[in-house]
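Please model the entire structure based on the sequences and the hints provided.
Line order of the protein sequences matches chains A and B.
At position 327 of the first sequence the residue is numbered 326 (numbering that gives the first Met the number 0), and the sequence of numbers has no breaks.
At position 67 of the second sequence the residue is numbered 66 (numbering that gives the first Met the number 0), and the sequence of numbers has no breaks.
Rather than coming from a laboratory, the hints here were simulated on the basis of the structure.
None of these values were measured; they are calculated from a predicted model.
Note that the Cβ used here is the ideal one computed from N, Cα and C, for glycine as well.
Heads up, a few of these hints could be off.
When the alpha-carbon atoms are kept at most 35 Å apart in a straight line, the in silico DSBU-like pairs for lysine-lysine are as follows [to be verified]: (1) B:K39 <-> A:K238; (2) A:K142 <-> B:K39; (3) A:K238 <-> A:K142; (4) B:K74 <-> A:K91; (5) A:K327 <-> A:K367; (6) A:K209 <-> B:K89; (7) B:K39 <-> A:K30; (8) A:K378 <-> A:K465; (9) A:K238 <-> A:K209; (10) A:K327 <-> A:K238; (11) A:K100 <-> B:K74; (12) A:K209 <-> A:K91; (13) B:K39 <-> A:K209; (14) B:K39 <-> A:K100; (15) A:K30 <-> B:K89; (16) B:K39 <-> A:K91; (17) A:K14 <-> A:K65; (18) B:K89 <-> A:K100; (19) A:K431 <-> A:K30; (20) B:K89 <-> A:K367; (21) A:K330 <-> A:K367; (22) A:K460 <-> A:K431; (23) B:K74 <-> A:K238.
Label pairs and their computed distance ranges (CB to CB) [said to hold, decoys possible]: (24) B:H16 <-> A:G421: 26 to 32 Å; (25) A:E10 <-> B:G29: 24 to 30 Å; (26) A:D277 <-> B:I56: 36 to 42 Å; (27) B:V61 <-> A:A259: 39 to 45 Å; (28) A:P177 <-> B:V61: 33 to 39 Å; (29) B:A44 <-> A:E84: 41 to 47 Å.
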Amino acid sequence: MSTDTILSFEEAMEKYDPVLGFEVHVELNTKTKMFSSAPNVFGDEPNTNVNEVDLGMPGVLPVVNKTAIESSIKIGLALNCKIAETCRFARKQYFYPDTPKNFQTSQYDEPIAYDGYLDVELEDGTVFRVEIERAHMEEDAGKLTHMGGATGRIQGADFSLVDYNRAGVPLVEIVTKPIEGAGSRAPELAKAYVAAVREIVKNLGVSDAKMERGNVRCDANVSLRPHGRERFGIRSETKNVNSLRAVEHAVRYEIQRHAAVLDSGEPVIQETRHWHEDTRTTTSGRAKSDADDYRYFPEPDLVPMVASREWVEELRATLPEPPAERRKRLKADWGYSDLEFRDVVNAGVLDEIEETIAAGASASVARKWWMGEIVGRAKAADVDPGQLGVQPATIVELAQMVEAGKINNKMAAQVLDGVLAGEGTPAEIVEKRGLAVVSDDGPLLEAIDAALAAQPDVADKIRGGKVQAIGAIVGGVMKATRGQADAGRVRELILEKLGVTAQ
Amino acid sequence: MAAINRDDVAHLARLAHIEMSAQELDRMAGELAVIVDSVKSVSEAAGDDVPATSHPIPLTNVFREDVVGHTFSAKQALSGAPDSDDNRFKVPAILDEA
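Written as structure tokens, this is what we have:
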């Protein structure tokens, strides 16, 4: 459906310098809505989590949710913002069926938080500072489902159905200042920024932060200018880019599209773009026009909010350790190398490893299990590693069995499979599957004699001091015992037998 | 006299989704200017020592605890809807362009 011509990303980067800007909407996970006592719950039957306030009935009075204000202040603080001493809500007027009041209660010239920043770490460890213009409070709109037409999209729909369960859910909208200097890393930065915001609100516990449920939604602004020019180009705003991958792709696509438009000598049109995940392209929404005259004015049904410095400091004292600082601390505590730690972070098993260590595993054992065994299984099952359901206690138990020489690593991996298949605890599975390292030296010595006899030349090499050749004999013994021998013990016994001292 | 011309009124009518005849636009252009001037006279009463406010009573921080209260059933919620389907409000197609 898209007929836009685009340049290659490399060519676009050669000619132009991208400037980004983001509006990230965060749905708060309060029990009730921003201005009404109706429940804030996802996935319920349509139009059951509403009352007269959410439906905008005449004569109703909104009352502000105190917890939502506190969550908003916490977000502001976590984004290194100043918290306004006083601020107000305002009405933003527009007609759209997802907004039953015909205005959205938002904040306009007095946001609750302003002038902050967020240090965003890119995959290679580069830190990029994103300046935050403001974070303001508002309410979410209802959910429209477009019916009829061919595609289920808004274009060509015959009619739309509206569920107001989401109407009035508290939102915090975080707006960045223009982000300059990202260059060819702009798409990566876009993804990393949204990921960092999501991580912060999740860490604060103020949002469920599930992008697939729309708890965190991103509008991405992109403009290009020729290298060396200070004035910004005309921007487009790509709406509702709702996964981290999509944020990266949408920014990349818009850079390529803008570059082609500018190359053709045409001006970029300032407009809203819709992101399409299937084709990984954007299409034109509506152009900004004077219809965007929202006639903001102070909400007369709500009184100003005053955030005393005592209250702000009380809230600041409750903030958890920021995610970036936590990572620094964990890396030092665990003694992982830069690369090891980055792999752990990118695999998304930081929390899991921390829990496993808390349950009694060593840092290296926890990493070996999560990175070596569980991440691969999760990938095969196409789920997040944490969703496989591996309990820290299971890993601790497996590790103890290996350490005690009851099972070896290969068997432990089999036991893990058994646990995941619901066969029971590691001890039960070892028992049921008859997995146990042969620890009685008698059978081992027989197998060693047989292996040495089968490979006399290797035996001679070892006698002659080439201890590294021992692998072939150990392999033979492991094969003969169907992997049930303790390889370390086998090695010891072979050396003993041949009268060689290990180096 | 506030300067409100016919185009201003037509613009406001469009924003407010109010259909107005040519005759009504002409009349309102004159009347709105008078209304705006009347409201403006309030500012003459307030000196520089009176700050602008959005609320007549000096109240702040009127909050509600985050405790779930009452809700409507879907049937109640939809009882005043001109049209509904599948427990949801039914509205005409929103965008005309394909």
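**OP:** Could you work out which earlier hints the structure fails to respect and list their numbers in ascending sequence?
**Re:** When the structure is compared with the hints, numbers 1, 2, 7, 8, 13, 17, 19, 20, 22, 24, 25, 26, 27 and 29 turn out to be violated.
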